[in-house]
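A.B. asks: My numbering puts the sequence shown at residues 21 to 192.
It should be emphasised that the hints constitute simulated quantities derived from the structure, not laboratory data.
Here the structure is a predicted model, which is why all the values come from computation and not from measurement.
Treat the hints with care, as some may be off.
[What the hints assert, rightly or not] Label-pair restraints from in silico Cβ distances: (1) Arg144 / Trp79: 44 to 50 Å; (2) Gly82 / Leu157: 37 to 43 Å; (3) Asp147 / Asp76: 45 to 51 Å.
Yeah, the Cβ is synthetic: ideal placement off N, Cα and C, and Gly gets one too.
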Amino acid sequence: LGVDLGYTVNTRVSQHPKVYWRTTAASGIPLRIKIEVNTHERSPALPLILRPYAVDSGWWSGQTPVQTFQPAELVATKIRALYQRSKGRDLFDLWLALNQLHLPAATILAAFDPYRPEGLTAARARDNLAKKLQNRLFRTDLDPLITTSLDAYQLDTAATQITNEILDHLDD
Numbered sequence: 021l022g023v024d025l026g027y028t029v030n031t032r033v034s035q036h037p038k039v040y041w042r043t044t045a046a047s048g049i050p051l052r053i054k055i056e057v058n059t060h061e062r063s064p065a066l067p068l069i070l071r072p073y074a075v076d077s078g079w080w081s082g083q084t085p086v087q088t089f090q091p092a093e094l095v096a097t098k099i100r101a102l103y104q105r106s107k108g109r110d111l112f113d114l115w116l117a118l119n120q121l122h123l124p125a126a127t128i129l130a131a132f133d134p135y136r137p138e139g140l141t142a143a144r145a146r147d148n149l150a151k152k153l154q155n156r157l158f159r160t161d162l163d164p165l166i167t168t169s170l171d172a173y174q175l176d177t178a179a180t181q182i183t184n185e186i187l188d189h190l191d192d
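Produce the entire structure from the sequences given, and follow the hints as far as they go.
C.D. replies: And the structure:
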């Protein structure tokens, strides 16, 4: 499909297979898409849903329903990502889910069990986040990804909220 759309397509097969699409936008800016294929988690925690999806561009238009995970389950994987990676974007995504999508923390936590790393406790998650908050790379990870200022998002305030509403309840 990528080649048909004018992309250069490369694949990398490993424990986590990846497909890379590269092209140049009409403006001359290089565009990249990385698709990671999860071959381990194949059973959703919550029933799958259908979402309408539409594309209307100069080179193609169409619409179709797309089967996907429920938002709470997608966000639940971010709890694991926050624990396992050192990316401030994972904290931001959790904050965004609570404050912009208005997903209840209890709903996110209910979908987390299949994604929970072995041995993860509330105390470990809190300590892990506290250490990451001391890391400059964690704190600045989001900077090149956000093009407009989000006055409502403050990293330390978000960390407190995520700790209080999600991490503290991992053992419930």
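A.B. asks: Do Arg144 and Trp79 keep their Cβ atoms within the hinted range of 44 to 50 Å?
C.D. replies: Given about 48 Å between the Cβ atoms, the range holds.
A.B. asks: Is it true that the C-beta distance of Asp147 to Asp76 lies inside 45 to 51 Å, as the hint says?
C.D. replies: At roughly 47 Å between Cβ atoms, Asp76 and Asp147 fall inside 45 to 51 Å, so the hint holds.
A.B. asks: Does 37 to 43 Å hold as the CB distance between Gly82 and Leu157, or does it fail?
C.D. replies: 40 Å, holds
Every hint from the earlier list agrees with this structure, and none is contradicted.
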